[in-house]
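Protein chains: 2
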Amino acid sequence: LSWAVDSSTLTRMQELVRYIEHTLFKPDASRADIEKLCAEAIQHGFHGVCVNGSRVGLAVTQLEETDLKVVALVGFPLGAGAADTKRYETEVAVDDGAHEIEFVPDLGRFKDGEHEYFLREIRDIVEAADERPVKVVLELGLLDEEQRRIVCEVIRDSGANFVTAPAGFAGEGGGVGELKLLRELLGPNIALKAAGNIPDAASAKALIDAGATRLGTTAGVAIVS
Amino acid sequence: LSWAVDSSTLTRMQELVRYIEHTLFKPDASRADIEKLCAEAIQHGFHGVCVNGSRVGLAVTQLEETDLKVVALVGFPLGAGAADTKRYETEVAVDDGAHEIEFVPDLGRFKDGEHEYFLREIRDIVEAADERPVKVVLELGLLDEEQRRIVCEVIRDSGANFVTAPAGFAGEGGGVGELKLLRELLGPNIALKAAGNIPDAASAKALIDAGATRLGTTAGVAIVS
Numbered sequence: 357l358s359w360a361v362d363s364s365t366l367t368r369m370q371e372l373v374r375y376i377e378h379t380l381f382k383p384d385a386s387r388a389d390i391e392k393l394c395a396e397a398i399q400h401g402f403h404g405v406c407v408n409g410s411r412v413g414l415a416v417t418q419l420e421e422t423d424l425k426v427v428a429l430v431g432f433p434l435g436a437g438a439a440d441t442k443r444y445e446t447e448v449a450v451d452d453g454a455h456e457i458e459f460v461p462d463l464g465r466f467k468d469g470e471h472e473y474f475l476r477e478i479r480d481i482v483e484a485a486d487e488r489p490v491k492v493v494l495e496l497g498l499l500d501e502e503q504r505r506i507v508c509e510v511i512r513d514s515g516a517n518f519v520t521a522p523a524g525f526a527g528e529g530g531g532v533g534e535l536k537l538l539r540e541l542l543g544p545n546i547a548l549k550a551a552g553n554i555p556d557a558a559s560a561k562a563l564i565d566a567g568a569t570r571l572g573t574t575a576g577v578a579i580v581s
Numbered sequence: 357l358s359w360a361v362d363s364s365t366l367t368r369m370q371e372l373v374r375y376i377e378h379t380l381f382k383p384d385a386s387r388a389d390i391e392k393l394c395a396e397a398i399q400h401g402f403h404g405v406c407v408n409g410s411r412v413g414l415a416v417t418q419l420e421e422t423d424l425k426v427v428a429l430v431g432f433p434l435g436a437g438a439a440d441t442k443r444y445e446t447e448v449a450v451d452d453g454a455h456e457i458e459f460v461p462d463l464g465r466f467k468d469g470e471h472e473y474f475l476r477e478i479r480d481i482v483e484a485a486d487e488r489p490v491k492v493v494l495e496l497g498l499l500d501e502e503q504r505r506i507v508c509e510v511i512r513d514s515g516a517n518f519v520t521a522p523a524g525f526a527g528e529g530g531g532v533g534e535l536k537l538l539r540e541l542l543g544p545n546i547a548l549k550a551a552g553n554i555p556d557a558a559s560a561k562a563l564i565d566a567g568a569t570r571l572g573t574t575a576g577v578a579i580v581s
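If you read the protein sequences in the order shown, they are chains X and F. This note's numbering puts the first residue of the first sequence at 357, with every later residue one more than the last. This note's numbering puts the first residue of the second sequence at 357, with every later residue one more than the last.
A hint or two may mislead.
Since copy identity is lost for identical chains, a pair holds within one copy or between any two.
[What the hints assert, rightly or not] Here are the computed lysine-lysine pairs in the DSBU-like style, where the Cα-Cα straight-line distance is at most 35 angstroms:
1) K536 - K467
2) K392 - K425
3) K467 - K561
4) K467 - K392
5) K467 - K425
Keep in mind that the hints were calculated from the coordinates and are not lab data.
Please put together the full structure from these sequences, using the hints given.
And the structure:
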């Protein structure tokens, strides 16, 4: 029985590590920091790493002998740059070898009712990503009920593959509630990522049980340790 | 005597308002928020407004009958995007009518010793800004003593007109210490801006006395009220 429990735990942990995008976005991250991030991602068998545009090329080089993925942040963290800049930023990330794009859309313009602008922005990123997975970061807490319903309709039409929801804010069930709501509003065809404060394996498992198939976190090593 | 004091206070306040860049960078700032920001800047006679790329065009339209300036944020707030993206972001801001550029350079690459990369990034922005003032946001707290000296040497060679220092962090004298150090390291030919938490007129005056000729703050109206 003891062995069976251990085996099941091991299996779940093996499954869990493949969901993790090992993330580092601090403004003064050094070359050595990025090399360490990539080495840890390889060591633990994570899905890949998630980094700022300036570090995409370095991360691609570090992971080139592996099947780990480099996720490039675009329009991060505010999402309030010009749409044209975000499209160009995606092209630069692709040129630098990024395998996936994670971008922050313009919620201010969306809340102003500019739904066409919002849809066009996402479609431009999807086109610039050239078949690579695109994740849309969506902070549901900034939207009211009606806006949440509409934004999910727009994203369903956009060609994006993933929606990334914030994880770990206090009083919100650590992101579980957001994931369940997103699954309901987005339907079954858009994958979910939880990103943010995921301090341990229990939090990670709760997010996976709520539908996340990716976990973006700076605490990846702590989760599997 | 009472009148003289009032007059002096009034004169200083008139001087103070012309230093203020009325700032709004929250990710979901609405059209109405930006219109209010611009109306307040006109009403109080501020230097101008400081906004994200997505809102530059709107702010330019709001201020077009005035001599107030629109300052466009580039690479904000992390400064960790690709240099090429930041250059393009500057071009888009200029096309949208921005009068000044405020951008965050890549401190991670600088700290790795890539001084040429850092210099080239700033020069590219200065060139893309096409004679418009360029401010370099510099977080001295992320650098050691030697790095501070070198970064200021590089900026002196870059063609940038301004350095923006964070204001208002506790235990740092509200940014006064940073401004004095910057003046010493940059020499007399680069202007200084203090940006961040400047809650009232007393804080603003302390920063001006320490050498700032611009104040970037979300609290501009509170300062003059």
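Against the structure, the hints come out as follows:
Taking the closest pair of Cα atoms, K536 and K467 come within 35 angstroms of each other only inside a single copy of the chain (22 angstroms); across copies the shortest separation is 42 angstroms, beyond that limit. Proximity of K392 and K425 under a CA criterion of 35 angstroms is satisfied intra-copy only: 15 angstroms inside one chain copy versus 44 angstroms between copies. Within a single copy, K467 and K561 get their C-alpha atoms as close as 33 angstroms, which meets the 35 angstroms cut-off; across copies the closest is 37 angstroms, which misses it. Proximity of K467 to K392 under the C-alpha cut-off of 35 angstroms is restricted to the inter-copy arrangement: shortest distance 16 angstroms between copies versus 40 angstroms within a copy.
When the C-alpha separation of K467 and K425 is checked against a cutoff of 35 angstroms, the pair qualifies both within a copy, at 33 angstroms, and between copies, at 26 angstroms.
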